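Chemist: Each chain is listed here by its residues.
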Amino acid sequence: MILLTFSLVPGAALAAGFMSRRASTSDIDDYLVGGRSFGPIPVFVLGAGEAYSIGTLLGFPGGVYAFGSNFGVWFIAYILLAYPIGYWLAPYLWQAGKRYGAMTLPDAAGSHFRSRTPELTIAISSVIFLIPPGAAPADRSPGGDECAGDPDRPDRRGARRRRVDHGVPAAVGRACASLRLLRQGRRPAPRRDPRRARGGGQVRRHDRAVRQGRRGRSRPGDALHAGRSLADVHDDHDRLPCHGLLRLPLHRASDLLGQSEGTLKRAARFNPLYMLMYPFLGRRGLRGRGPAAREARGTGVQPGPCSSSPARCCPTG
Amino acid sequence: MSNELKSVLLSMGVPFAGVLGGILIFAHSTAQVAGFPVLFARLFLWMPLTALCIHLAWKWFDEAEYVARESQDAEEPA
Chain A
251 MILLTFSLVP
261 GAALAAGFMS
271 RRASTSDIDD
281 YLVGGRSFGP
291 IPVFVLGAGE
301 AYSIGTLLGF
311 PGGVYAFGSN
321 FGVWFIAYIL
331 LAYPIGYWLA
341 PYLWQAGKRY
351 GAMTLPDAAG
361 SHFRSRTPEL
371 TIAISSVIFL
381 IPPGAAPADR
391 SPGGDECAGD
401 PDRPDRRGAR
411 RRRVDHGVPA
421 AVGRACASLR
431 LLRQGRRPAP
441 RRDPRRARGG
451 GQVRRHDRAV
461 RQGRRGRSRP
471 GDALHAGRSL
481 ADVHDDHDRL
491 PCHGLLRLPL
501 HRASDLLGQS
511 EGTLKRAARF
521 NPLYMLMYPF
531 LGRRGLRGRG
541 PAAREARGTG
551 VQPGPCSSSP
561 ARCCPTG
Chain B
208 MSNELKSVLL
218 SMGVPFAGVL
228 GGILIFAHST
238 AQVAGFPVLF
248 ARLFLWMPLT
258 ALCIHLAWKW
268 FDEAEYVARE
278 SQDAEEPA
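Top line first, the protein sequences correspond to chains A and B. Residues 251 to 567 (our numbering) are what the first sequence spells out, left to right. Residues 208 to 285 (our numbering) are what the second sequence spells out, left to right.
Any given hint could be a false lead.
[To be verified] The calculated label-pair distances, taken between Cβ atoms and stated as ranges, are:
(1) B:G242 to A:T255: 45 to 55 Å
(2) B:L252 to A:Q345: 29 to 39 Å
(3) A:S257 to B:V274: 25 to 35 Å
(4) A:S287 to B:L231: 37 to 47 Å
(5) B:L231 to A:R364: 41 to 51 Å
(6) B:G242 to A:R271: 49 to 59 Å
(7) A:V259 to B:L252: 31 to 41 Å
(8) B:Q279 to A:R364: 22 to 32 Å
(9) A:S270 to B:G242: 18 to 28 Å
(10) B:W267 to A:G289: 41 to 51 Å
Bear in mind the hints are in silico, worked out from the structure with no lab data behind them. In this text the structure is predicted, and so the values were computed from the model without any measurement. All C-beta atoms, glycine included, are put in the ideal place defined by N, C-alpha and C.
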């Protein structure tokens, strides 16, 4: 079944490619932007395909699981509010693409300003902003920073801390990011310790939260929000807001495929509906937190992936 | 008020007010809806509502203008 699935998808894509040759004029426009002839449905499908990234499918539930519902609120809200902006922005980008014969956004910027500087700036920043989405799911895998601390310290039941190995998801995330970078002709950065990658700030915050938990100074809603305000989460994910907002131009690449400005506006009406997958993804993240959060109300254990683990890898007292 | 401004208010103003207003109102709420924090549930509700706002803005204020523009482009020789 797996073999069939993996054969069918590339096979269907190849078949569609060969069939499309009949209408093709072998122009570079056809190859890169489909001759700017796509209707609203293909534009919507391609846009949703670009938006359904590894960050959505793994990063979002992993982030909710690791950092609580505040992460999910921030993640959903900024994407949801990007779509009304896209409804207004996309026609202007399409106009620029058509006017300058641009195939990509760096093309459009370079032609508009008649300078290589904005073209290179957008191209390079777009490549750089690909790194966090690739690395985010690995960084947010259970067993990440929330398990930071003394691994040899036993908990109240005498069990040793069990550090969940996140090497495999980290390697996969890094490999994906590296492949995309290599495809762009750039060299990926060497692997870094995720704890050091965050400058130790989160580890220090976690340690502080653990100390507060021991003194019984938990805030209302800690069980739900893991003791973190929205600002804390924003601070923890200081890289994500940057790429989240600024990588939007990458998603807008599909806007150059449309037949007209009206096509893009028609497609934009349905864009928020692709997010209806988020309740299911959020459910998975919250389900893991539920028992941990309930337990935390009575024990003072900081809720999180560690407190839901059988070995209680993050003991607080 | 021009059609464009009405469209901006409906397609962008209403979703922004709904989403950001909800965050301000329910930020400290611990209530749950169907197992989700109430703020989560509200954001999920705003997904179809945002699509509806954009759809209505298109139908009421933008469609006629863009269809006319497309017809004009189609009539012009390539």
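Chemist: Holds or violated: 25 to 35 Å for the Cβ distance of S257 of chain A and V274 of chain B?
Modeler: 43 Å, violated
Chemist: Does the beta carbon distance between L252 of chain B and Q345 of chain A stay inside 29 to 39 Å, or does it fall outside?
Modeler: 34 Å, holds
Chemist: Taking 45 to 55 Å as the hint, is the beta-carbon distance of G242 of chain B and T255 of chain A inside that range?
Modeler: For G242 of chain B and T255 of chain A the Cβ distance comes to about 32 Å; the hint is violated.
Chemist: Take a look at whether the Cβ-Cβ distance between G242 of chain B and R271 of chain A falls inside 49 to 59 Å.
Modeler: 50 Å, holds
Chemist: Are V259 of chain A and L252 of chain B spaced within 31 to 41 Å by their CB atoms?
Modeler: Given about 34 Å between the Cβ atoms, the range holds.
Chemist: Can you tell me whether the CB distance of L231 of chain B to R364 of chain A sits inside 41 to 51 Å?
Modeler: 44 Å, holds
Chemist: Taking 41 to 51 Å as the stated bounds, is the beta-carbon spacing between W267 of chain B and G289 of chain A within them?
Modeler: 22 Å, violated
Chemist: With 22 to 32 Å as the target window, see if Q279 of chain B and R364 of chain A comply at their CB atoms.
Modeler: 29 Å, holds
Chemist: Hint says 18 to 28 Å; check whether the CB-CB distance for S270 of chain A and G242 of chain B agrees.
Modeler: 45 Å, violated
Chemist: Take a look at whether the Cβ-Cβ distance between S287 of chain A and L231 of chain B falls inside 37 to 47 Å.
Modeler: 44 Å, holds
Violated hints, listed in ascending order, are 1, 3, 9, 10; each of the other numbered hints is respected by the structure.
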